[in-house]
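Undergrad: Sequence:
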Amino acid sequence: MGLRRALRMGFVVIAVALIVLMSGSLPVAAIETNYQNPVTALPPLVRPTTSSCTVTLADHFAFGPSGYDVPATGILAPPDSCPAPWSMVALDYTGSVAGRQFDRETEIWVGGVLIYFGTTPEPTPAGITWHVEKDVSQYATVFAASQPYAIHLPNVVNNVYTGIVYVTATLTFYTTGPGWPVGRYPDAIIGLSGDWIFDPGRAPVAAAPVTLPTNALRIVLELFAKGNSCDEFWYGSEPDAYADANGLCGGGAFREIQVTVDGTLAGVVWPFPYIFTGGVNPFLWRPIAAVGAYNEDPYQVDLTPFIGMLVDGNPHTIAFTVVNNGFYWQLGGNLLVGEDSGLAQTSGALTTYEVAPDADQSVVQTTGNNGATFQFSAARSLSVAGYVDTSSGRITTTVRQEFAFASHQVLNLVNFRENIQQTEGITSVTTTIFPDGTVRVATVADSYPIVLASAFIIPPGSDGFFQLPAHVDQALDRTITITVNDAIVVSIAISDATSASAVLKRSLSTGQNLVATGTDSELFSFTTSRGGCYIHALEAAQGFVTVDVLLC
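Sequential numbering from 743 applies to the sequence shown in my numbering.
Because the hints were derived from the structure by calculation, they are not lab data. Cβ coordinates follow ideal geometry from the N, Cα and C atoms, glycine included. Watch out, some of these pointers could steer you wrong.
[What the hints assert, rightly or not] Restraint ranges, calculated between C-beta atoms of paired labels, are given here:
| hint | residue 1 | residue 2 | range |
| --- | --- | --- | --- |
| 1 | V1181 | S1123 | 16 to 26 Å |
| 2 | I817 | D1054 | 28 to 38 Å |
| 3 | N988 | S1249 | 20 to 30 Å |
| 4 | D811 | T1173 | 37 to 47 Å |
| 5 | S808 | V1226 | 19 to 29 Å |
| 6 | V1181 | A819 | 36 to 46 Å |
| 7 | G1203 | L1293 | 21 to 31 Å |
| 8 | A1121 | T1006 | 16 to 26 Å |
| 9 | R926 | P1177 | 18 to 28 Å |
| 10 | Q1042 | G1203 | 36 to 46 Å |
| 11 | D822 | A868 | 38 to 48 Å |
Given these sequences and hints, build the entire structure.
TA: This is how it looks when you write it as structure tokens:
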């Protein structure tokens, strides 16, 4: 799918230095025809040692032969032998596919709540197997009662795209015990519409109206968001006028997802530049995928300051606008609600609202006959505060955020070459003042750097072949600091970084690969102020791991 998208979008990028680098580090005549099962540097789940019960959602379910989007469905009932409450609920998702197939998206809904979203790898003729595990304990309230579920994996199977995707998915419920207390999770979870919300343009799209518990004391929106078609590579898009004149994807390189509550802008999400397993050049991601490709974490928007307008027992409308949307986005998510067990009705009010209707954006453009250079920038800050009166007294929540975006893009239309250097920085500070005067401050700082280069080259006198060289450096860096009454409780630093290079040379007449080669690496790091440490480094070449080092 990556090659097809690259051709369609002109997503082609390269520098002379990159060509020299690739020709020196990758075997120019190599043809990669196989690769090992996908691997990741992320840490495995630390599972409780208590007794457990496993419920099967799908057992080698075949996606594709029965139709494009025929889900695996059923009723999830909590296991009698492992009743709630649980110390952990773990999702295990195992897939296998052989033949020829694109990367496909997949998701799991339980009771209208989206609990997992990811994509599948592109297979080899002989077949591959991959596995994803996810701690889904926060959805324990949903699992505590019988619920319908659906596993989706839209897949095309015909005489060209032969890969049937087989999926086994289970939920394992771990009981409590010494050292394994009840997990912390919301008291209520409300799914938005129970399905994807599709946004084809730049106008607001609304979820189905939702009615929240009248005794809510905390509300957080978790949002899953994915760009598709032209906006799959939104960070490589050009300004509208230039894109229209040259048959490219418009909107520029900046995106913001605005979240409104009953028409009031309540928060924003600046998306991470995800690349899925066929993206840019599929040989980049074998066997190590780009950041988050198999398990996309949702974004969070704290709506607690707005709680006073949401606990009246009436339906409310959550809506989304994708700023600069080229076409198109799918959005899904849930409202995570904490309740006051001592009251049937809480109340509150919004006390501070400093939210500009739009981010400050600018673009500096230099154009020539065969290409252009673009410098995009964007920034915004917001501050909202509100209180909720609970059975314990008044709780005040203040959310302050700072956002900064910069993207430098060089485009050459002759060989559809493009270089992208982009950074996003987001700092969120949430201050909570409790009835006894305790002040808790949570600071989360995210950084999303990406450097991407790719090209689609048909050399003069090439005798009917094209070349697709590509390189990607990408990371998700996050620091989290929690203080209580100005004393640091814990500080955490997380980084997931990938680096990949690939060259694909293919005959235009036969479709055969003449060169197909790639190298790939991932470095995951997790450290805490309490001495916690997990650092894992992976390197691969020609589809197989060459370095696997656990540093701590």
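Undergrad: Each hint needs a verdict: does it hold in this structure or not?
TA: Going through the hints against the structure:
Between V1181 and S1123 the beta carbons are some 22 Å apart, a value that agrees with the proposed interval 16 to 26 Å. For the pair I817 and D1054, the beta carbons lie near 33 Å from each other, so the given range of 28 to 38 Å is met. Against the hinted window of 20 to 30 Å, the Cβ-Cβ separation of N988 and S1249 comes to about 27 Å, which satisfies the hint. The hinted window of 37 to 47 Å between D811 and T1173 holds, with their beta carbons roughly 44 Å apart.
As the Cβ distance of S808 to V1226 is approximately 54 Å, the hint placing it in 19 to 29 Å is violated. A beta carbon spacing of about 43 Å between V1181 and A819 agrees with the range 36 to 46 Å that was offered as a hint. Range check, G1203 to L1293: about 49 Å between beta-carbon atoms, so the 21 to 31 Å window is missed. The hinted window of 16 to 26 Å between A1121 and T1006 holds, with their beta carbons roughly 22 Å apart.
For the pair R926 and P1177, the supplied restraint of 18 to 28 Å holds, since their beta-carbon distance comes to about 20 Å. Q1042 and G1203 have their C-beta atoms about 54 Å apart, which leaves the hinted 36 to 46 Å range violated. Between D822 and A868 the Cβ separation comes to about 42 Å, which falls inside the hinted range of 38 to 48 Å.
Checked against the numbered hints given earlier, this structure breaks hints 5, 7, 10; the rest are met.
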